[in-house]
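*Asks:* Residue strings, one per chain:
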Amino acid sequence: MDVRRFNWPLWVGLLLTLAGGFSFLLVFVWIPATRDFPWANLLIFLVAAVLLFVGIRRGFASARRRPTLSKIVTSLVALFSFAFIALFIFSVFVFSRWLPPSTGAPHVGQKAPEFTLKDTTGRDVSLTQLLSEPVDGTPPKSVLLVFYRGYW
Amino acid sequence: MEKSRDSLKAAGVRAVAISIDSPEESRKLAQEQGYTFTILSDPNAEVIQRYDLVHAGAGESGKDIARPAEFLIDSSGTVRWVNLTENYMVRARPEQVLEAAKSIK
Chain A
10 MDVRRFNWPL WVGLLLTLAG GFSFLLVFVW IPATRDFPWA NLLIFLVAAV LLFVGIRRGF
70 ASARRRPTLS KIVTSLVALF SFAFIALFIF SVFVFSRWLP PSTGAPHVGQ KAPEFTLKDT
130 TGRDVSLTQL LSEPVDGTPP KSVLLVFYRG YW
Chain B
51 MEKSRDSLKA AGVRAVAISI DSPEESRKLA QEQGYTFTIL SDPNAEVIQR YDLVHAGAGE
111 SGKDIARPAE FLIDSSGTVR WVNLTENYMV RARPEQVLEA AKSIK
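Read top to bottom, the protein sequences are chains A and B.
Take 10 as the starting number for the first sequence in my numbering and just add one per residue.
Take 51 as the starting number for the second sequence in my numbering and just add one per residue.
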C-alpha cells in the first residue's frame, strides 16, 4: 500500500460518518424497525470507524510527503468523525431516555380525566364530545389520545 | 398515524393528537402533512399536567411540553390501553393500538 497517495480511507470514513447520521434523520427514522433501534446506522458507523482507523494509520505514516500537515488534517477529520458518531449514539441511546417519571398518568381501568381544548379551527372540543360525536355517521367505539412533543 | 387511518377507522377508533402547539401551528402542520385526524392545542400544558405527562423545560426556549404517550379510551371514558414510552424516539405502533381496540365493543 502506497502511503504517499491520497488518503482515501480517511475521507470515505468521514463521508460515511456524515451519511450514517443524516440518513437516520432523512430515511431510517420513518421506518419503525430502524427508528426504535438504528442498527443500519450503527453498521454504517462501524464501517466508517474501520476506514477512519486505516486512514489514521496512513495519515501518521512517516513516508508521507507533508507529514506535519497530514497529521493535522488526519487528526481533525478523525476527531470530528468520532465526535459525530459519539453525539449520535448519545442522542439516540441516552438523551432520548431522559424523560421524567410519570406515576400519575391514568392507568388501565381508570376514568380518563375530562378536558376541553381548542382544535385547529379554534372550536372547543371536550373528551366527552370526542367519545360520543359520530365520525361519518357512526359513533366511535374508542378514542386514541396521542400526546406528542410538538412541531418545533 | 395518518397511514393507518383507514384501519383505525374500521376498528371504530377516533384518533386525536394533543400538544402545546397553538391551533394555528397545528393547522399548518396538518395542512403540510395532509393530516385529517383531530389535533388539539394545550398551549399552557394544563391537560398534559392533568395526565401527568409534563416534560418540564424540554421544549423550545425551556417551555414545558408533553412526553409522548398514547391512551385508548372506550366510550364510557375508561382507559383501556396505555403506552408510556421510556424513550421518546420509540412510539406505539398502529398494530398495538388495533390489537387493543379489538377488545372494545
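Derived by calculation from the structure, the hints in this document are not laboratory data.
Among the hints, a few may not be true.
Below 20 Å or equal to it, Euclidean Cα-Cα: the simulated DMTMM-like pairs (lysine to aspartate or glutamate) are [said to hold, decoys possible]:
1) B/Lys155 to A/Asp128
2) B/Lys155 to A/Asp145
3) A/Lys150 to B/Glu75
4) B/Lys78 to A/Asp128
Covered stretches of chain B (chain A as the covering partner; in silico rule of three or more C-beta atoms under 8 Å from a C-beta of chain A) [stated by the list, open to error]:
5) 55-67
6) 81-94
7) 107-120
8) 123-137
All residues carry an ideal CB built from backbone N, CA and C; glycine is no exception.
*Asks:* Now, for every hint given, state plainly whether the structure supports it.
*Replies:* Hints and how they fare:
With a C-alpha separation of about 27 Å, the suggested pairing of B/Lys155 with A/Asp128 is violated against the 20 Å cut-off. For the hint linking B/Lys155 to A/Asp145, the alpha-carbon distance of about 18 Å falls within 20 Å, and the restraint holds. Distance hint between A/Lys150 and B/Glu75 is unfulfilled; the C-alpha atoms sit about 29 Å from each other, more than 20 Å. The straight-line distance between the Cα atoms of B/Lys78 and A/Asp128 is roughly 12 Å, inside the 20 Å bound, and the hint therefore holds.
Given a C-beta distance limit of less than 8 Å, the hint that chain A covers the region 55-67 of chain B holds, as 9 residues qualify and 3 suffice. Coverage of the region 81-94 of chain B by chain A holds. Counting CB-CB distances below 8 Å, 5 residues qualify, and the rule asks for three or more. Check result for the region 107-120 of chain B against chain A: holds, 9 residues qualifying (beta carbon to beta carbon below 8 Å, three or more required). Evaluation of the coverage hint for the region 123-137 of chain B: fulfilled, as 13 residues show C-beta separations to chain A shorter than 8 Å, against a requirement of three.
Checked against the numbered hints given earlier, this structure breaks hints 1, 3; the rest are met.
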